[in-house]
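Student: Heads up: the sequence shown is residues 1 to 67, going by the numbering used here.
No wet-lab data here; the hints were simulated from the structure.
The reader is advised that the hints may include incorrect statements.
[What the hints assert, rightly or not] Label-pair distances were calculated between CB atoms; the ranges are: (1) Leu29 x Phe62: 31 to 37 Å; (2) Asp39 x Ala13: 37 to 43 Å; (3) Trp45 x Val22: 17 to 23 Å.
For each residue, glycine too, the CB sits at the ideal point set by N, CA and C.
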Amino acid sequence: MRASRRSGRASSALLMYVIILVAFQVFLLTVTVEAFMADDEGLAWAAAAVSVVLAGASAVLFRYLRP
């Protein structure tokens, strides 16, 4: 019973990390669109690159959640 409780906590923690990373990606998408509209391409491309890295991290963490 103890192993399943620990496994459940680990799954919950990973799920929270994925939710936080996705929320941060939404924020970065907003920053990217606003930067493109303000003709600040440097900021836009930097935010897009960070968003891609976060998407990869989210995919890796989500992979560990699957049984």
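Student: Hints first: check each against the structure and report whether it holds.
Tutor: We went through each hint and held it up to the structure:
1. The hinted range of 31 to 37 Å is not satisfied by Leu29 and Phe62, whose Cβ atoms lie roughly 18 Å apart.
2. In this structure the supplied range 37 to 43 Å holds for Asp39 paired with Ala13, their Cβ-Cβ distance being about 41 Å.
3. Between Trp45 and Val22 the beta carbon distance is about 21 Å. The supplied range of 17 to 23 Å therefore holds.
Consistency note: the structure conflicts with earlier hint 1 alone.
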